[in-house]
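Protein chains: 2
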Amino acid sequence: MDPRALWTMSYGMYLVTARAGSRANGQIANAVFQVTAEPPRVAIAINKANFTHDLIRDGGWFAFSVLAETVPMEFIGLFGFKSGRDVDKLAQATVREGLHVPLVVDHAVAVTEARVLQAVDAGTHTVFIGEAGAAEVLSAGAPLTYAGYHARNGKAPKNAPTYRGETEPAAPAPAAASTWTCGVCGYTYDPAEGDPAHGIAPGTRFEDLPDDWVCPVCGAPKDAFLSD
Amino acid sequence: MDPRALWTMSYGMYLVTARAGSRANGQIANAVFQVTAEPPRVAIAINKANFTHDLIRDGGWFAFSVLAETVPMEFIGLFGFKSGRDVDKLAQATVREGLHVPLVVDHAVAVTEARVLQAVDAGTHTVFIGEAGAAEVLSAGAPLTYAGYHARNGKAPKNAPTYRGETEPAAPAPAAASTWTCGVCGYTYDPAEGDPAHGIAPGTRFEDLPDDWVCPVCGAPKDAFLSD
Numbered sequence: 696m697d698p699r700a701l702w703t704m705s706y707g708m709y710l711v712t713a714r715a716g717s718r719a720n721g722q723i724a725n726a727v728f729q730v731t732a733e734p735p736r737v738a739i740a741i742n743k744a745n746f747t748h749d750l751i752r753d754g755g756w757f758a759f760s761v762l763a764e765t766v767p768m769e770f771i772g773l774f775g776f777k778s779g780r781d782v783d784k785l786a787q788a789t790v791r792e793g794l795h796v797p798l799v800v801d802h803a804v805a806v807t808e809a810r811v812l813q814a815v816d817a818g819t820h821t822v823f824i825g826e827a828g829a830a831e832v833l834s835a836g837a838p839l840t841y842a843g844y845h846a847r848n849g850k851a852p853k854n855a856p857t858y859r860g861e862t863e864p865a866a867p868a869p870a871a872a873s874t875w876t877c878g879v880c881g882y883t884y885d886p887a888e889g890d891p892a893h894g895i896a897p898g899t900r901f902e903d904l905p906d907d908w909v910c911p912v913c914g915a916p917k918d919a920f921l922s923d
Numbered sequence: 696m697d698p699r700a701l702w703t704m705s706y707g708m709y710l711v712t713a714r715a716g717s718r719a720n721g722q723i724a725n726a727v728f729q730v731t732a733e734p735p736r737v738a739i740a741i742n743k744a745n746f747t748h749d750l751i752r753d754g755g756w757f758a759f760s761v762l763a764e765t766v767p768m769e770f771i772g773l774f775g776f777k778s779g780r781d782v783d784k785l786a787q788a789t790v791r792e793g794l795h796v797p798l799v800v801d802h803a804v805a806v807t808e809a810r811v812l813q814a815v816d817a818g819t820h821t822v823f824i825g826e827a828g829a830a831e832v833l834s835a836g837a838p839l840t841y842a843g844y845h846a847r848n849g850k851a852p853k854n855a856p857t858y859r860g861e862t863e864p865a866a867p868a869p870a871a872a873s874t875w876t877c878g879v880c881g882y883t884y885d886p887a888e889g890d891p892a893h894g895i896a897p898g899t900r901f902e903d904l905p906d907d908w909v910c911p912v913c914g915a916p917k918d919a920f921l922s923d
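Chain order of the listed sequences is A and V. As numbered in our numbering, residues 696 to 923 make up the first sequence, in order. As numbered in our numbering, residues 696 to 923 make up the second sequence, in order.
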């Protein structure tokens, strides 16, 4: 059983949103597919540990934005590597009200809203099958693929169905360069830019960052970074 | 509800095989995704009208070969546009015996075999969720994506979850050229080559083909072709 066989499968990259009562959230997912054409139904696999999982289960609806090829890594980092239990992610995005759930329209090629018909227990994840209630094309841009995300040094978080464990592709080996890349989310620290939003002036070397500095995208500690 | 929103979703291209008793078959599918990482489980949507559907249901196992970017359109035509009820497709491929089902290794980057855990009724299609029992990487080639298949003028058959009905992308508009492309499977008839396997000599113009000539890949009639 060679797990690398499964790594050859192709996916898109989606931002899934849901709401239950007054709580709402969004998360990144790649395991989304169309199940039937008529009526149009879609399936999505969501980790039971995720906040969005409970909102889909309790609220009975979900939406997914198809992310554009041009989406910034920081945007994926916000929705893919932080929990809605800790951060109000939707407050940091452009949100439009859908039929039943908030829709995130930043960096989105299209958005589809679906009513849950079935929730299938598949172990660590639930497969939700839903019927599309509304769908709209937002821009003509090319969709980001999972392969394209990996090519940009993106990683799968632990809760992803496609998480590769210790074998997640490593950041480039250390060399005599001055930028450093986060091994969790792929964010690159550039000393020329610093991290002014967190009090780090341009020109600050990575080595000189305070020990409690964390990745501004995913919150990973300093020792999760590798020199580029 | 704009169905084009769903067309922005990204997929790979897979050849799904199954066996029940002495019957075995294979078909093309794009709706396959990984559901959990530990243990590794996968989900697949298969049309109830397809022969392979019944073999998965009755046999309890399926396999999927991840097709390589270099797969010939004729190979996709054989497995995607002909029914195993009419043609012994596996007799025309390189088949290796897996744990429980035949594995097609032609033009495959990797193959995974899965035992069915759940069969979920989703309307026209069944979503089979299976646990990977064996998986192997066969070659280092790039996987074919659904977008890449469409770029090669490939179409979705009527039983596909992603079938676009009358709006399936049309073949190029007629022009003063001598090759003709099948509107069903994308096969191109080149008069310089003819179709010797079916008694059509090289040099035969499309217009001069007999009325009962059919597409050698998918069996579509002559009037399904458009001039390139």
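These are calculated hints, taken from the structure and not from any lab test. All of these numbers come straight from a predicted model, not from anything done at the bench. Take the hints with a grain of salt, since some may be wrong.
When chains are identical, the list treats them as one kind, so a pair holds in a single copy or across two.
Claimed, not checked - Distance condition first, Cα-Cα at most 25 angstroms in a straight line; then the derived SDA-like pairs of lysine to any residue:
#1 K777 <-> E831
#2 K853 <-> P734
#3 K743 <-> E826
#4 K917 <-> R699
#5 K853 <-> E733
#6 K853 <-> E831
#7 K917 <-> V832
#8 K743 <-> Q813
Going down the list of hints, with the structure as the test:
1. K777 <-> E831: This pair counts as neither: shortest intra-copy Cα distance 27 angstroms, inter-copy 34 angstroms.
2. K853 <-> P734: between (34 angstroms within a copy, 14 angstroms between copies)
3. K743 <-> E826: both (21 angstroms within a copy, 18 angstroms between copies)
4. K917 <-> R699: Result: close neither inside a copy nor across copies, 29 angstroms intra and 43 angstroms inter.
5. K853 <-> E733: between (35 angstroms within a copy, 11 angstroms between copies)
6. K853 <-> E831: Between copies only: 23 angstroms across, 31 angstroms inside.
7. K917 <-> V832: neither (40 angstroms within a copy, 35 angstroms between copies)
8. K743 <-> Q813: both (15 angstroms within a copy, 18 angstroms between copies)
Of the numbered hints listed earlier, those contradicted by the structure are 1, 4 and 7.
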